[in-house]
Amino acid sequence: MTEQTTRTLEQRVAEIEDRLAIYQVIAAYGPAVDSLNLEANDALWTDDCEYELDSGTRVGHAGLRDLLQTPFHQGVVTQGCAHVSSLPYVHLDGEDAYATNYHQLITHTDGQFKILRLTACRWHLQRIGGAWKIRKRTNMLLDGTESARRILRRAGTDP
Amino acid sequence: MTEQTTRTLEQRVAEIEDRLAIYQVIAAYGPAVDSLNLEANDALWTDDCEYELDSGTRVGHAGLRDLLQTPFHQGVVTQGCAHVSSLPYVHLDGEDAYATNYHQLITHTDGQFKILRLTACRWHLQRIGGAWKIRKRTNMLLDGTESARRILRRAGTDP
Amino acid sequence: MTEQTTRTLEQRVAEIEDRLAIYQVIAAYGPAVDSLNLEANDALWTDDCEYELDSGTRVGHAGLRDLLQTPFHQGVVTQGCAHVSSLPYVHLDGEDAYATNYHQLITHTDGQFKILRLTACRWHLQRIGGAWKIRKRTNMLLDGTESARRILRRAGTDP
Chain S
2 MTEQTTRTLE QRVAEIEDRL AIYQVIAAYG PAVDSLNLEA NDALWTDDCE YELDSGTRVG
62 HAGLRDLLQT PFHQGVVTQG CAHVSSLPYV HLDGEDAYAT NYHQLITHTD GQFKILRLTA
122 CRWHLQRIGG AWKIRKRTNM LLDGTESARR ILRRAGTDP
Chain R
2 MTEQTTRTLE QRVAEIEDRL AIYQVIAAYG PAVDSLNLEA NDALWTDDCE YELDSGTRVG
62 HAGLRDLLQT PFHQGVVTQG CAHVSSLPYV HLDGEDAYAT NYHQLITHTD GQFKILRLTA
122 CRWHLQRIGG AWKIRKRTNM LLDGTESARR ILRRAGTDP
Chain D
2 MTEQTTRTLE QRVAEIEDRL AIYQVIAAYG PAVDSLNLEA NDALWTDDCE YELDSGTRVG
62 HAGLRDLLQT PFHQGVVTQG CAHVSSLPYV HLDGEDAYAT NYHQLITHTD GQFKILRLTA
122 CRWHLQRIGG AWKIRKRTNM LLDGTESARR ILRRAGTDP
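Protein chains in written order, with the numbering used here: chain S, 2 to 160; chain R, 2 to 160; chain D, 2 to 160.
Worth flagging that the hints you see were computed from the coordinates, not collected in a lab. Be a bit skeptical, because a hint or two may be false.
Said to hold, decoys possible - Okay, derived cross-link-like pairs now, PhoX-like style, lysine-lysine, Cα gap no bigger than 20 Å in a straight line:
1. Lys115(S) <-> Lys115(R)
2. Lys115(S) <-> Lys115(D)
3. Lys115(D) <-> Lys115(R)
What the hints assert, rightly or not - Some chain D residues flagged as far from chain R (calculated, every beta-carbon gap over 12 Å):
4. Thr58
5. Ala100
6. His104
7. Arg136
8. Arg154
9. Pro160
Glycine included, every Cβ here is placed at the ideal spot set by N, Cα and C.
Please model the complete structure; the sequences and the hints are all you need to start from.
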């Protein structure tokens, strides 16, 4: 509470706006990729972004577009799918922010909806020109390997 | 940032309150319908509300009550179910707002929990007497049909 | 709107901060327990906390640690799992708050991700030394029993 009395109301409001803007970025990701809206997806990431997956790391907007154009991604979109993000835990650090949450890829297969992938996600965001963008995202499959638990254990810490 | 210096702190706080009030409406929907709390559900919607589903459109509070009294809905509630909404992307436009998210209907069947339905949702909300209410909600099944992807592609745009 | 004109901007900002701090507590729970981060989990709960489950009630930090050390919990973490919380409905009441949401335990079994448990959750939080902590959490399995629906029906009410 001491902290709150020394910070101005404007600073407190600005922090709240940061938190809600980061929620918006995370909430916008699924709708962009599940509707193959490449431009909307690009706009969420920095130019020098990295997307680290179990299968390797994609770099920049060109890398993101490659990912959305893989037969795997095109296939799940055609069948029907949702990339669902859970409510993130957000740690602000000036012009950087770190968010931790879960991600599910749910697909429609043979008339049923199944969770095809479940991952632990760490988002490093940066404020670029007043807008929060994804600088790096790391997704690790929650299949029992330690790398996913390591992401979850870092919630609330900076890099 | 230019925008922020010209808006008053009061306007910025009011916008934040709008966003959080809309989260509350969306978070209240599932608990209302999964517990057959008809009054609580009515209170979330405008008098002239529309709920558009693959199976047709329900109109007004009477239409919502009809839906909750179908054998299908009564059945899933009796078995055990959750209508789970994901974190929405919210676009404010004065007294109107548009939210986009995913919706899962998870049911308990033969001792197991299954995702029975997965939909793309678009919520049109209106501020009525100071409270945000659902004017129209559209749910489209993510089974590969284009109508669901069209909803996702509209995230962040007004009607 | 009448209410808003009589409350100061500082009071409105403080309420918003409460809401976001409660989101943070709920978003931090899953990452703590899924990575066996006992200290991080302890820090989310009050010293006199209670965690009521279908299987009984755990009391205090010692009770929470017992729960995380059961063969069941250790087993799902080893296989890969996520305790996923949905966006909560939050009711503030001074130094107390009540949140209602859904909780899924998703596990990795035989190469597949399955929803092992789906519960209705009620969180009673208290502000202790300026930080929101979990005083009591109640989880009831959504398997058709009335106790889970009773939790959902209480969304928005105090104890």
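Results for each hint:
| no. | hint | in the structure |
| --- | --- | --- |
| 1 | Lys115(S) <-> Lys115(R) | 8 Å, holds |
| 2 | Lys115(S) <-> Lys115(D) | 8 Å, holds |
| 3 | Lys115(D) <-> Lys115(R) | 8 Å, holds |
| 4 | Thr58 | 22 Å, holds |
| 5 | Ala100 | 9 Å, violated |
| 6 | His104 | 9 Å, violated |
| 7 | Arg136 | 20 Å, holds |
| 8 | Arg154 | 4 Å, violated |
| 9 | Pro160 | 16 Å, holds |
Taken one by one, the earlier hints fail for this structure at numbers 5, 6, 8, listed in ascending order.
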